[in-house]
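Student: Listed in order, the protein sequences are those of chains A and B.
Note that this note's numbering numbers the first sequence so that position 19 is 19, with each residue one more than the last.
If you want this note's numbering, it's the 1-based position in the second sequence plus 1000.
Calculated directly from the structure, the hints in this document are not laboratory data.
Fair warning: this is a prediction, and the values are worked out from it, not measured in the lab.
The reader is advised that the hints may include incorrect statements.
From the structure, some residues in chain A lie toward chain B, with a derived Cβ separation under 7 Å [said to hold, decoys possible]:
#, residue
1, Phe39
2, Ser43
3, Leu44
4, Leu46
5, Ile93
6, Thr102
7, Gln103
8, Phe105
9, Gly106
10, Pro107
11, Gly108
20 Å max Cα-Cα, derived EDC-like pairs, lysine to aspartate or glutamate [stated by the list, open to error]:
#, chain 1, residue 1, chain 2, residue 2
12, B, Lys1003, A, Glu22
13, B, Lys1052, A, Glu101
14, A, Lys41, B, Asp1011
15, B, Lys1069, B, Asp1082
16, B, Lys1069, B, Glu1014
17, A, Lys64, A, Glu22
18, A, Lys41, B, Glu1031
Glycine residues also receive a C-beta, built at the ideal position from the N, C-alpha and C atoms.
This is what each chain is made of:
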Amino acid sequence: GAVVSQHPSWVICKSGTSVKIECRSLDFQATTMFWYRQFPKQSLMLMATSNEGSKATYEQGVEKDKFLINHASLTLSTLTVTSAHPEDSSFYICSASLIQETQYFGPGTRLLVL
Amino acid sequence: DAKTTQPTSMDCAEGRAANLPCNHSTISGNEYVYWYRQIHSQGPQYIIHGLKNNETNEMASLIITEDRKSSTLILPHATLRDTAVYYCIVRALSGYSTLTFGKGTMLLVSP
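Let's have the full structure, built from the sequences with the hints guiding it.
Tutor: Structure, rendered in structure tokens:
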């Protein structure tokens, strides 16, 4: 149980384009989903917390207009990187949980912006 | 959430027990100790968590000291596939509390 998937697993795009990453909880309904970013040789950094049907809460320093998060259902959250630039190249990881419960992580999406 | 301190790296021989320590001296009464691991280029994997009692599941055992200021994750028979970065995280189970990842311990299991 507690399986979280992400799609795509990797994406390459041109600078200036937008990229959408999907995060799905496959066998449970997640009231809360989280988006993290991980640069090479660094630890995971929380970008935002998303509750179903509500606006996401962004961490300090994360641009909400650049990283659009939608959590329209209890099993799906999407992260859209708008007008991507090379510095946005990173490993993006989502997690899902019920309120106050354990977070389960997806396999991650590797984004390369050329 | 309380801060944790872990060794940067550890080595373990395949088949032996791996004991990964974690200090969390400022832990509060309502904070749990969580362990995750991250194999290279994958998302973190949940291992185990506990409040004050020792816990065991199919993956590992968690030993928490009586004063709750430190804990040890035990992988009883380490395999090569256990090579990963192990994160010890203290988290309050209140509202939408988040996980704060430190640098973790890089465990290298060798043949």
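Student: Hint compliance check: list the failing hint numbers for this structure, sorted ascending.
Tutor: Hints 1, 12, 15, 16 and 18 not satisfied by this model.
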